[in-house]
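Participant: Residue numbers (my numbering), protein chains in the order written: chain H, 11 to 247; chain C, -13 to 500.
What the hints contain is simulated information worked out from the structure, not anything from laboratory work.
Some clues are possibly wrong.
Going by beta-carbon spacing under 10 Å, a handful of chain C positions derived as facing chain H [said to hold, decoys possible]:
id : residue
1  : ASP15
2  : GLY19
3  : ASN399
4  : PHE400
5  : PRO402
6  : LEU403
7  : ALA404
8  : SER406
9  : ALA413
10 : ARG414
11 : MET417
Note that the coordinates shown come from a computational prediction; the quantities given were computed from them, not determined experimentally.
Backbone N, C-alpha and C fix where the C-beta goes; we use that ideal spot for every residue, glycine too.
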Amino acid sequence: MLRLEEVRISRQEFRIDANFELCPGSRTALIGPSGGGKSSLLAAVAGFLRVQSGRVSIEGRPMEGVSPGERPLSIVFQDNNLFPHMTAWQNVGLGINSSLRLASDDRIRVDRALKKVGLGAHAGKRPGQLSGGQQSRVALARILVQRRPWILLDEPFAALGPALRTEMLELVGACCNETDAGLVMVTHDPRDAISICEQTVVVANGHAGYPVKTTELFANPPSDLSTYLGPNWKYGG
Amino acid sequence: MIRLASAASFALVLVLSLGTMCAVALRADFVAGIEASDWAALKFTITQALFSSVFSCVLAVPVARAIARRRFPGRSFLITILGAPFILPTIVAITGLLSIYGPAGLLGRVASFAGFAAPQVYGLPGVVLAHVFLNLPLATRLVLQGWLAIPSERLQTAASLGFRPFDLFVHVEWPMLRQVLPGAHVVIFLVCLSSFAVALIMGGGPRATTVELAIYQSFMFEFDLGRAARLALLQFILGIIAAVVAWRLVLPADFGAGLDRPPERWDSQGLGHKLLDWLVIAAVSTFLLLPMAMVIVDGLDAIGQLPTSVFEAALRSVLVSLASVLLMLLLALPIAIAVSRTSLASAALAEGVGLLMISASPMVLGLGLYLLVFPYLDPVMLALAVTALVNAATSLPFALRALIPALREIEANFGPLADSLNVTGVARFRMLVFPRARRSMGFAMGLTAALSMGDLGVIVLFGSTDSPTLPLMLYRLMGAYRIEQAGSAALLLLLLSLFLFWLFDRGGRVNAAT
Chain H
11 MLRLEEVRIS RQEFRIDANF ELCPGSRTAL IGPSGGGKSS LLAAVAGFLR VQSGRVSIEG
71 RPMEGVSPGE RPLSIVFQDN NLFPHMTAWQ NVGLGINSSL RLASDDRIRV DRALKKVGLG
131 AHAGKRPGQL SGGQQSRVAL ARILVQRRPW ILLDEPFAAL GPALRTEMLE LVGACCNETD
191 AGLVMVTHDP RDAISICEQT VVVANGHAGY PVKTTELFAN PPSDLSTYLG PNWKYGG
Chain C
-13 MIRLASAASF ALVLVLSLGT MCAVALRADF VAGIEASDWA ALKFTITQAL FSSVFSCVLA
47 VPVARAIARR RFPGRSFLIT ILGAPFILPT IVAITGLLSI YGPAGLLGRV ASFAGFAAPQ
107 VYGLPGVVLA HVFLNLPLAT RLVLQGWLAI PSERLQTAAS LGFRPFDLFV HVEWPMLRQV
167 LPGAHVVIFL VCLSSFAVAL IMGGGPRATT VELAIYQSFM FEFDLGRAAR LALLQFILGI
227 IAAVVAWRLV LPADFGAGLD RPPERWDSQG LGHKLLDWLV IAAVSTFLLL PMAMVIVDGL
287 DAIGQLPTSV FEAALRSVLV SLASVLLMLL LALPIAIAVS RTSLASAALA EGVGLLMISA
347 SPMVLGLGLY LLVFPYLDPV MLALAVTALV NAATSLPFAL RALIPALREI EANFGPLADS
407 LNVTGVARFR MLVFPRARRS MGFAMGLTAA LSMGDLGVIV LFGSTDSPTL PLMLYRLMGA
467 YRIEQAGSAA LLLLLLSLFL FWLFDRGGRV NAAT
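Hey, can you work out the whole structure from these sequences and the hints?
Facilitator: Structure (structure tokens):
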């Protein structure tokens, strides 16, 4: 269970409240206007941002004072997900040991993860030699070897074209299935939410709502969401 | 651990700057007040600095304009040369200048052949000449940056309005110069205030003595510690004022990066303008390159016949220089790492460290250390260690200027990723900081190595007769009129300084993965 109890985050003039819980293995989209606080919420869960009051807990364990690397989650950012001076293989290996001290079965796990995301032949390349889609695949391969109970995505495929993006989302779904992990994904595109998240949290006006079934939400959007979606929005369109 | 190491670095810097200053202040003798000769030194210091900065800046304008609006073979070479004086040992530059403008120099020989008197180079003209030689490149680079920062849209607008060169100057170039020149002027003025080696060789006599030189003389020849300390306090105050004003403007983060793309120009295509620019480029190239060429030509003759003592001194200097690099890293890395991870408050602290070290002049540091150490230890014994330490400390602000932005960028881009993967402590340095900061580290190390290799500062106070560094050896050879050997020693020093800089700077770039 990923639980946010009366959580409040504030930075200068910006403030956001959240109070909800997510079941293990569930897939949730955080959607809303930019600057609305979706990414801040994710950063607070990941441990990059301190909550002002309230409490974040994962699997019953309070996260106060737990460093980002110690939390039972893996995260993919918008960019800078790979160290440019390391090979794809090394970047994935970091998910197992942060000093890259890997036993032989660890090495096999890294090889396997790269093969699973379709990069078996590119293990020795550096991020600069890979396309944007391939770089995302490396980050996903690392999630596979990390095997943490939660996967956090902060608009990670925003720079990819529509086709690649769909492909990546499918791969994310496969990763979740393989590791039985729950997913929390920040996005500004309703189609992303609809394609892989069964529930959605609307983040707007300094407030995060309760998780609602994605299909129902977009079929009958509440007022703050319909403002964001605009007058031309049609579910299924 | 990082916190402890950075605290230790800060403490050492404080001892070196404020500690020496306190030692000097306590020893300063004000019984006689400030003497007439003190005032004379102060007056000469300010006069020569003023002349030097005005000449450098005024000459920099046509040079920068010519470089900005012309393309020519060797343009990027000339721009590289503009960065070189920073790592050129001052005493080598002086050797080169003397071989042209000195009593027995090229110009003197041409003059006497034509029946004129040889030019008088020692005193104010010599000091100013050397300072212009060393600082014209800096001024040119600052002005050139201003020129190339003019947006190309503005030049296109000017062209479409049919501006002639004069209109362009009034409406576009002059406003830019009014912003850039005062800064350049102040920086060079302040650099010249505490320059020591130039005053030591080109100055001298009661009418051409700077405060730094006066400290040296009262220490070495009169052994009047009270007066030396009083002058040192004066110099320290000058330095502090200097540093506060100049700190932000002094060092380029890189040598001429991004300066080698000339914008398209539609004005100034007339023959007169072209001729003027070619003339300026030829003149400045000659002014900057001829002395260096003379060092090479004069030095090549006797380099095979140098006595082993010179090579021993060279080896000593290389070792001192390497020790400086190591000490600099030990001082700079903890500070830079600590600062790059935290808020702006500690960044201000780091800037403060830079300020203290920039305002410390070699003679003040040397005298202060002497006063602190001599009750307990023999300073001559420590001369080389002190030289290594002082050079590490004086390179610190430049090293921090190169390192802090690089480390900050690394933290901003990859800090969260490293945190989320638990890459911390030593592993973070080994796997993230070192590979990504290699270029900046190489640059900082190269700079320190070259500065330390060519340093003729504290070593003249303590350097013993039987174990001199190469710059000190060169200074003594010049003093003894061993012209041929001095020339070869100068060439050796030049090559070693450039080589050390190249070695570290290249080392940072080779195979650097991006």
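Participant: Please go over all the hints and tell whether each is borne out by the structure.
Facilitator: Do the hints match the structure? See the list:
Taken as an interface hint, C/ASP15 does not check out: its beta carbon lies about 56 Å from the nearest beta carbon of chain H, beyond 10 Å. Proximity of C/GLY19 to chain H is violated relative to the hint, the smallest CB-CB distance being about 56 Å (cut-off 10 Å). Because the smallest distance between the Cβ of C/ASN399 and any Cβ of chain H comes to about 5 Å, under 10 Å, the interface hint for this residue holds. For C/PHE400, the interface hint holds, the least distance from its beta-carbon to any beta-carbon of chain H being 6 Å, beneath 10 Å.
Hint status for C/PRO402 relative to chain H: holds, with the closest Cβ pair at about 6 Å, below 10 Å. Hint on C/LEU403 holds. Least Cβ distance to chain H is approximately 6 Å, under the 10 Å limit. The restraint placing C/ALA404 at the interface with chain H holds, with a minimum CB-CB distance near 8 Å, inside the 10 Å limit. Nearest Cβ of chain H to the Cβ of C/SER406: about 5 Å, under the 10 Å cut. The hint holds.
Because the smallest distance between the Cβ of C/ALA413 and any Cβ of chain H comes to about 4 Å, under 10 Å, the interface hint for this residue holds. For C/ARG414, the interface hint holds, since its Cβ comes within 10 Å of a Cβ in chain H; the closest pair sits about 8 Å apart. Annotation: interface hint on C/MET417 holds; nearest CB of chain H at approximately 7 Å, less than 10 Å.
Checked against the numbered hints given earlier, this structure breaks hints 1, 2; the rest are met.
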